[in-house]
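Participant: Required output: the full structure, derived from the provided sequences and hints.
The lines below spell out each chain.
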Amino acid sequence: MLAFILRRLAQAVIVMLTVGIVAFFLFRYIGDPINAMVGQDTSMEEREQLREKLGLNDSAPVQFLRFIGNAVQGKFGLSYRTSEPVGRLILERVPATLELAFCAALFILVVGVPMGVYTGLYPRHWSSRLLQTVSLIGVSLPPFLIGILLILVFAVTLHWLPSFGRGQTVDLGWWTTNFLTWKGLQALILPSITLGLFQLTLIMRLVRSEMLEVMRTDYIKFARARGLTNRAVNFGHALKNTLVPVITVAGLQLGTLIAFAIVTETVFAWPGVGQLFIQSVQFADIPVMAAYLLLIGLLFVVINLAVDLLYFAVDPRLRNQVGSAREAH
Amino acid sequence: MATPSNNPPLLEVKNLRVEFPTRRGTLLAVDDVSFDIAPGEVLGVVGESGAGKSLTGNAIIGLLEPPGRIAAGEIRLEGRRIDNLPYEEMRKVRGARIGAIFQDPLTSLNPLYSVGRQLVETIQTHLPLSAADARRRALDLLKEVGIPGAETRIDHYPHQFSGGMRQRVVIALALCAGPRLIVADEPTTALDVSIQAQIIALLKGLCREHATAVMLVTHDMGVIAETADRVAVMYAGRIAEIGPVRDVVKQARHPYTKGLMGSIPSLGVRHDRLTQIDGTMPRLTEIPPGCAFNPRCTERGSRCLSERPELMSAGTSRAACWLHDRGGVGAPIVRETADA
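First to last, the sequence lines map onto chains A and B.
Using the working numbering, the first residue of the first sequence is number 1, and each one after it goes up by one.
Using the working numbering, the first residue of the second sequence is number 1, and each one after it goes up by one.
To be clear, the hints were calculated from the coordinates, so they are not data collected in a lab.
You may find that some hints are simply not true.
[What the hints assert, rightly or not] Facing chain B, a subset of chain A residues (Cβ under 10 Å, in silico):
{"id": "1", "residue": "81"}
{"id": "2", "residue": "220"}
{"id": "3", "residue": "228"}
{"id": "4", "residue": "236"}
Idealized CB from N, CA, C, for every residue including glycine.
Facilitator: Dropping the structure here:
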């Protein structure tokens with residue numbers, strides 16, 4: 001178990017170094033950072049001095065190591081656009097994105113999993129067929145369209161919910177939250193649905209097919225033959241056996257939600273990291289882009305590690321595989 | 001041991017028909033099957049795969065897989081009709097009054113729960129016991145089915161047990177609410193030969209102690225001969241012969257049973273060669289008119305081609321064969337013409 005975690009951590013370090021290389025080359029080779037930093041009337045000499053001062057004349061490996069060293073300490077330099085430290089710029093916006101992604105994930109799990117269970121248990125029922133068909137729409141509509149449609153219906157026509165921004169937030173010093181005010185919660189609803197709808201249909205379809213599979217197994221038939229209640233059979237035995245693939249996909253989805261909140265944040269003018277990234281791309285603000293890349297890389301690595309650990313919690317066959325498997329009889 | 005007439009049977013199956021509606025018409029998988037099981041009796045049900053023996057068992061525990069369904073007939077347990085119970089009522093019968101054992105112990109247990117947990121949940125579903133009492137009962141059961149070191153093994157997961165040990169756990173699960181009948185569907189088929197005998201002996205011993213009746217479905221005549229009180233031989237969805245196991249083994253009345261017995265090698269008797277029944281069991285879509293066995297039968301007559309025999313008395317057994325009717329099988333048929 002410990003060996004497994006250490007091995008996974010080593011792999012995570014390799015992945016992060018690779019992402020670091022990509023981020024570094026972004027810095028190094030997409031345009032000349034000096035050009036972005038100085039005005040047009042700066043002389044060649046001044047440019048050269050600045051280049052020397054920033055260490056841009058050192059060899060690539062030295063620069064890379066310096067970049068990694070700084071990145072580990074959370075130093076990503078100054079934004080070309082606002083001249084603020086990139087680390088602070090991103091940290092300010094992380095809460096907005098994480099809260100949005102959290103709400104979307106909650107929406108997916110609370111609605112998608114039960115829908116998947118239901119359609120898996122009663123595949124022939126008309127309501128299952130209806131859900132299956134409706135879920136096709138969720139898969140085929142692009143998020144920006146869903147967002148705009150939701151705004152049209154619930155904000156413009158019905159005036160029920162706000163169409164942009166985070167609404168009212170509470171500043172906790174290191175974190176700004178939407179969860180403590182009614183307005184903040186209202187502002188979360190439409191973006192969360194927009195962000196989650198596509199993934200919701202995916203998780204519903206995954207749970208459904210896994211349930212169909214598990215319901216055919218002998219241990220489910222035997223559980224019925226033991227006279228267990230439907231609830232115990234369906235949720236205690238069947239659903240738990242679908243969890244390993246579902247956790248895998250849900251973990252990847254959470255990463256995707258955060259990484260690709262960009263579209264939703266743009267549609268709803270949500271002041272999150274994704275929106276920051278879009279602005280940075282428009283200004284070729286490479287330090288921010290590089291930091292964003294590293295952040296997302298880190299996020300996926302952490303989520304994958306968490307997913308691997310969850311496998312152990314769910315499936316006893318993965319625990320003590322080395323030790324006591326198949327004791328003598 | 002035949003059913004004593006003064007004792008009401010534990011299980012009565014009357015004219016049971018199991019159908020599978022398919023796109024190309026309805027398949028009759030179990031056709032007009034009737035039998036009784038007395039309290040504490042072991043009834044062996046034997047036949048080739050597809051003969052309908054497992055479906056009969058599934059119909060009794062109310063777990064026919066859709067689209068299969070009971071089309072006619074009735075099943076009574078302790079006098080109470082159970083084939084038409086609503087799902088929730090039947091659920092309370094399963095596990096509590098009728099236990100079940102399936103073929104493959106490797107897949108019968110949920111891999112994600114410890115065997116103790118699976119026992120406790122079954123016990124608590126049917127008996128009003130506290131968690132601690134249920135666990136104590138689970139532990140006793142594991143000891144009873146011969147799991148060494150039951151105190152520690154109770155918290156182990158199915159993958160930590162061998163096949164034979166898992167089947168013991170399955171037996172403990174089938175017995176844990178004290179059922180009156182156990183439907184055991186090929187309980188030893190998936191096991192090593194050396195383990196088979198142990199499991200059969202265990203099942204037989206436990207059921208005798210608890211006065212539990214067993215419907216033992218198998219294609220292994222040896223297991224039946226060793227374990228059962230009576231035996232029903234099934235062929236193409238019908239019972240071909242039913243009677244006390246000794247008589248059926250020693251003096252088979254139906255040509256199919258004779259063929260089955262002839263195909264078992266026995267120690268001590270020198271066989272020049274084992275007999276073999278020519279041909280295969282007909283598919284459910286192609287059951288011939290008259291006696292379903294007639295294309296393979298060596299003793300058939302013209303009557304077998306047109307009239308279907310019901311079970312009729314033949315010595316101490318009953319057999320579905322015109323040989324035991326006063327009218328006989330009718331005119332003999334020349335073999336070549338039938339083969340053409």
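Participant: Which of the numbered hints are not met once you compare them with the structure shown?
Facilitator: 1
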